[in-house]
Structure formats: structure tokens, C-alpha cells
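S.K.: With these hints in hand, go ahead and build the complete structure from the sequences.
Number of protein chains: 2
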Amino acid sequence: MSLDDVLARIDADLPAATDRLLDLLRIQSISTDPAYKAECDRAADWLVNDLQSLGIKTEKRTTPGHPMVVGHLDGDGPHLLFYGHYDVQPVDPLDLWDRDPFDPQIQDTDKGQVIRGRGASDDKGQLMTFVEACRAWKSVHGTLPCKLTFFLEGEEESGSPSLVPFMREHADELKSDLALICDTGLFASRVPAITTMLRGMLGEEITITGANKDLHSGMFGGPGINPIRVLSKIIASLHDDTGRITIPGFYDGVPEISDELRAQWEGLGFDADEFLGDVDLSTPAGEQGYTALEMIWSRPTCEVNGIDGGYTGDGFKTVLPAKANAKISFRLVGTQDPEAIRASFRKLVQDMLPPDCTVEFKDHSCAPASSTDTSDPAFAAALRALSDEWPDNAAYIGCGGSIPIAGLFQNILGTTPMLIGYGKDDDQIHSPNEKYDMESFHKGTRSWARVLHALTNNV
Amino acid sequence: MSLDDVLARIDADLPAATDRLLDLLRIQSISTDPAYKAECDRAADWLVNDLQSLGIKTEKRTTPGHPMVVGHLDGDGPHLLFYGHYDVQPVDPLDLWDRDPFDPQIQDTDKGQVIRGRGASDDKGQLMTFVEACRAWKSVHGTLPCKLTFFLEGEEESGSPSLVPFMREHADELKSDLALICDTGLFASRVPAITTMLRGMLGEEITITGANKDLHSGMFGGPGINPIRVLSKIIASLHDDTGRITIPGFYDGVPEISDELRAQWEGLGFDADEFLGDVDLSTPAGEQGYTALEMIWSRPTCEVNGIDGGYTGDGFKTVLPAKANAKISFRLVGTQDPEAIRASFRKLVQDMLPPDCTVEFKDHSCAPASSTDTSDPAFAAALRALSDEWPDNAAYIGCGGSIPIAGLFQNILGTTPMLIGYGKDDDQIHSPNEKYDMESFHKGTRSWARVLHALTNNV
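Protein chains in written order, with the working numbering: chain A, 1 to 459; chain B, 1 to 459.
Fair warning: there could be bad hints in the mix.
You can't tell identical chains apart in this list, so a pair holds if it fits in one copy or across any two.
Said to hold, decoys possible - BS3-like mimics (lysine-lysine), calculated; alpha carbons at most 30 Å apart, straight line:
1. Lys323 / Lys362
2. Lys362 / Lys138
3. Lys138 / Lys111
4. Lys213 / Lys37
5. Lys175 / Lys111
6. Lys213 / Lys424
Calculated from the structure, these hints are not laboratory results.
M.R.: Below, the structure written as C-alpha cells:
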């Protein structure tokens, strides 16, 4: 089958493909906020309709949370599965957006055209690169070159609570030869890459309560316990002066990377000054003794994602608050055990509680880190296909983010994940003014056509 | 002149006096929130009208903030000034109120009738005890027994920014023989008291900024600095393990109380277990080596009144926030210098800032502590008058709160302040469901009549 015809069709169809993506971006599918439940549903319906238009037998499958979209196409060749997610992050602080996050727009910038809007990069734009590659292939060849399963979820940005039960229940249906996942980026916004190391993630929310109500800091200041001070002390204790995390057992299962891998990463020419400089930072703030790239790809972290307590409005209120709350997350590497760390963290918090204070814990996401064995020849074939599309040769890289699905394919289904994505460092995912470069969208779509071609001739 | 006739008139007029107070409580005069500016104005107008109906020549006097209400009545005898404030605290968290905070109501409780609503105790109810005492006196005797000045402000709950300039500008007009202030409480909700020691207050707001925008904690977690962690570390460093405040020079001017005063306070029979037990606490959390009462009356504090940063909505968001904010206040004693402490605090914060972080400071209230010389015979006379009204004998006490006006009368006008109030510990001032006991309102009004009688026969 001719790859060139497919690539030409992708080029010709780019304006229409862009319109389809804009359409999907207008749906406010914020999964973490219950107020947007119907919008998540609407995004799932949109994808079901679109995949059905490609002849893929697709259904919206209910879960206790937001629905899964699952589609199948029978065919010859290897059985490939494609995974992406249609949900997006919340948009606050809204006043830092230059425009309505859900009124997406094509904008001309110094660096070329961009698609601006929440989800443009993470993950609707990325997801649609694969869909558009399939559309072009189907339109040129009347069929696709393999047996194909689509598996799209709507809870990735809120810890994927329904994912594991769904994968377990439908393991036979979802098992495949290779799982393609499009939720990662180019290296240094330039080098096409297959991500082979992903950090895991553990989310915890703690609420510390002192008195049974907010108190007057004049009347009770002194003998009255202050939960904000208690919480601050706990947070301050989670790192030592060298940036190491102090939770007992936290570093169990954290490997030092091999000299070989370190040398390979150094060869990538990662510019830490530029990476940090883009966001007005200059000094890597993580564990001493590691490069910025090692901090992101190979070291675990503990971060406070939100804190809240007492009077936070305009002006001043001399209140001794009854409660203080923090959302704390851990990025995990190697074989760190999220559940063991959760237990150790909770014990540390409990042990630090002074008299009269209680703590309430809330579970959030929990997934171990994952790393992929690249000895399967499909990996070398995909690497070559990517190198054909982009100016730079493709590389195996790590990723600081957490894409739990990669580990789950491996552990639950026994299917090797292959993570390929076209996001750039300045896409501002999870931040105001998120965008996806038109180059990412266009060359990303072409890349998938090349990878499909390579895998179906090689796997 | 007959005191008994005045007391009888107060008793007979109680229902009408209560209705007047309810009327004033309906005005939403929250001074710290600019949204309620017109309501503060309305409260000032209400008081101007009411005082004018007593024959007191009263004006609303503009300031850069909320207006002052100043009234004068010529007369024989000593020149007394009365101070109170018509502004109130914000009402959040609104969902913890049993009813609309500005729809006040008389309620029957196990402990007797209460007036429920924001400001019922702090300070509208207290303020009106003096006004009602004057009304009864005027109605019985046709005049008041002294030269009288009313001085009512509307910014007490927001740091009184206009107070000092106004007092300086109008010092000649406001100078008097004695300044009566009604913004304090009964001791142990039972013992009538003249408050002779008040803590000072210093308010600081700090905002720490790291990156130029919120970041993704997967992409930047490790090398990216987290302002919430920086802020938590600063807050945690402000106290040592014994509860002492670590800011250099903070304890300059903090006196140890005399053995005599300590013995007198012990004689008051303060029940720390009950005081803390009322709000579900049991262990005095302040500096080791001091009783709970000493912590409140004679020791300085540093409290965090509010903290805010990152994602604080429902669910979870793996953000590395760009900013974190805290409102921090200090209660001061003895001759602690608020400006010196502000400077030392800011230096400590600056010195703790890691690379790539900046801090912005915002001033809030600033007033030194004050203590009153009780050798003037007016104090002994007032103490006797209070003892006549209440079952327990009156006492000189301290107060953990900050009523900057007391020190200002002394320092700017050279006028001795006399602080008498009838609030109870369970009034829930600054908290949801604030109330003022009908007993406080009724016996408070009677107490002022007795004090007026005693002062005008003795001063």
C-alpha cells in the first residue's frame, strides 16, 4: 500500500482536520469538576460518532465515572490498540487566559501557527492526530492495514478511577499486540521520541482540624492551636535541606540510572537554562547532585499542588482557623510502591499531629512508574518511521509526567505500550493559554501514518 | 440626681432598646470588604440620627475610608468621651451560620435570651449599651450629668487606617478627661471588669512568587521551585519547638508579669479546661511555661490567619503553582515595637527565600500594646459601680485582643482610656452565629448608668 498517497491526503485534508479538532475543543470536558459531567458525556458522543464515520464499530461504555469510548475494526495484520483521553484540566485561573479556553482559535505566532484552547495539546489534539491518520488511510485505501481497537477515556485528568476496573473486566476485549499511546511530547520541542520511562503518581489530600469552629485570634491566640501552622510544619518536614524527601521508606525502589543511560541523556543536549528560563526560573530546585533532566525523568518528587485555610479574601481577618487543607502529590520512579508510600506518608502526618488536632485523608490518583522494554523490533521500526518525518532523528526518552495507562497495559493486559506524542514544552498544558502547534498536529498525523505503515510491515 | 429612676427607665425601655439594636444590626457594615461601603455609610447615618434624637450635636465626618461619627454635648462636670465602632467582621463561612447574619433575632436558649446576628456583641450591641444609658438618663433628668463626646468609627475590624490621622487632626476636639471604651468583655462571662492590659497587633500579608505561571508538576516537578513549599517552610520556622517566636528581636520589650499580678490573675479562678473545652480543645498550644491565661493576656503571638495557593477546588490538579499567599498577624505586649518587628519579620522572610523566588509584602494593621495606670480615683469608683450591678465584684483584667484605640487615646490625646464591656466568651465574635446575651445588653446599659453616676460624682 502506498504511504505517499496517505501522506498527500493528510496534507490536503489539514484544514478540515483542523476544523474537526476545533469542534472537539469547544466541548468543556473537565473531568475533575462534577459540574462538567454532561460535557464529558458530550465529548464521548462526539468521538463515537466520528469513529463510526470511519467504519469503526464504536460504543460509549458507561462506568461509575465518565464513559469510555471503545471501538473495534477487524482486519489483517497485527492487532494494534490506540489510547488517548478526551477529558481536560480545569481552566482556573481564568483571568490569566487571553481568551475563552473553550472558544479555540488558530493563531499566528512568531513560532508559526498554533491551535489555542484548553485540551488543544493535552490530549484532544494529540488524540486526533491518530484519528486523522486513520481517516486519511481509510480514504486512500478503503480500509486500515491492521486489526484496530480504540480505547479512549474521560478521567485521565482526575486520576482515572474507573480505568483499572474497566480494563480488568474487559481484559480479553482490550488485549492486543501493541498499545499506541499519544499523550507525550517531542524532546526539546524538536526531536521525535518514544517515551520509555514514565513517572508514577500518588495523590493525597489532607485536612487538619483543630477547634470546632474558627476562633478570634485575640481571644484564643496563644493557647488555641492553629491548623495552618500544623500543616505548614508537616509540609516543611517533607524535604530535608538537600531536597531529599524524608518520608520513611520513600526511596525504596528508586534506582540510580545507569552510566550508559546518563550518557545517552547527556547526548540529547537538553538546555536546562532555556527550559527553566522560559518560565522565569534559573536554578534547578530539586534534589542536590542531579541534573535538571535527571530530576524530571529519573527522580521522585513530593509537591504541594494546593493549600487553603482561614481567611483568604480581600483585606484582613484575625481569625484562628478551625481547618487547613493541602493537596499533595508524589511523582514516583522505578519500583516505588505507591500504596506503601501512602501508608508511610499518612503515618508521618499522624505522628506529627499535636494534641487537639485530627486529620482526614482523601485518596486521589495512585499509579506506579513504568518503563518499557524496547527489544521488540516494532520499537526500532517506529523510531525509523519517526526519523523519516522529522528533521531530527528519533530517540528513546523519559518523561516526568505520569501516564498510568502505560503501566496498566503492561501489568493488566500484558500488552507493551508504545508512547509517541508531538507536544512541545511551551504548550502550557494544565496552564492558562494552552496551545498545540499546527506543526505538531500536521506532522503528528503524518507520523502516525508512517508508524502504522512501519508496524504493519514489521510487527 | 436619682440613679434609681434611670435604672427603672432602662428596665422599662428594654423592649424598645432591643428593637433599636436589631435595626442597627440589619445594616451590613462589613468594613474590610469594599463591596459593603454603602452599608458602612448607612450605619454611620443611623447613629448620627439616633444621637441627634438625644440632643447630641452629631455629624458624619468623612475620611479616606469609612466615616467617623462625632457628637458633642455641652454640660457641667467632667468631660467624658465614649468610643465604639459600628463596623463588623465578614460573615464567611456563611454555611456555618444557622440563619442570615444580617437578619438578627431574639432567641431563647438554655442560658437565657440572646440577640443573634453579626455585630450583636462586636461592637454594635456593646456600643448601644452606652447610648441607651444616655437615653434613659436624658429621659429622666432632661440632660446628661457631664460634658460628653461621642466618637464612633467604622474601620475597627479592618485595621483603622483613618483613625490616627483623624485623631491627630482633631486632637483638640477629642481631648477629654476620660475615654470610655465599650469593646471588651466580662471576665469568665460573669465578673464585671475594667480591662487594663491590651495586646497590640501587627498584620502582614506575604505573597511568594516562583515561576511566571502555574506549571505542570510532571513536566517541572523536581527542578521547578514550589512557592507553597517555600511559604510553608517560612511559616514553620517562625516558632521553635517550645512555641517561642524565632524572629530576631521579637521579644525586645516583652515583660515578665510581676508575682503580684500573677497571683491576682490566679485568684480569678480562670478555668482553662472549660475555656478550651468549649471549642473542643484541651491543651494550651502556646509558649511552654505559661498558663493559658498568661498566654492570652501577657504573651505575644504569631498566627497565620489565612493561607492560599495552587488548586483549592474540588478534586485534584497536579499544578506547580506560581504563587502562594499568607496573612500573618502578631499580637504584641509590653513595649514591643510593631515597626521594628515588621522590619525584622520581612528580613527573615527575605533571608529564607531560595533562588528564583520573590516576595511581596502588604501592610495591615499596626498598633502597640497598651496598659492603663489605674491610680486615678475614677477607676476605683467605676469598679465599685460595676460591683453594685453584678453578682460578682469587679476586677482589673487583661485582654488578648487588640483594641488599638486604647493606646491611641493615651499617646495621641493624653486621655486615659477606661475599657468596660459586657461581652461573654461564647459570643462567637468574628465567627458564625455571633450573639450578645440579653443579660449583657440589659445589665450593660444599667452598668453604664451606674458608672456615669459614679464618675460624675467622683471625677
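S.K.: Compare the structure with each hint and give your call.
M.R.: Tested hints:
no., hint, verdict
1, Lys323 / Lys362, "both (15 Å within a copy, 24 Å between copies)"
2, Lys362 / Lys138, "neither (46 Å within a copy, 62 Å between copies)"
3, Lys138 / Lys111, "neither (32 Å within a copy, 81 Å between copies)"
4, Lys213 / Lys37, "between (33 Å within a copy, 28 Å between copies)"
5, Lys175 / Lys111, "neither (41 Å within a copy, 70 Å between copies)"
6, Lys213 / Lys424, "between (47 Å within a copy, 17 Å between copies)"
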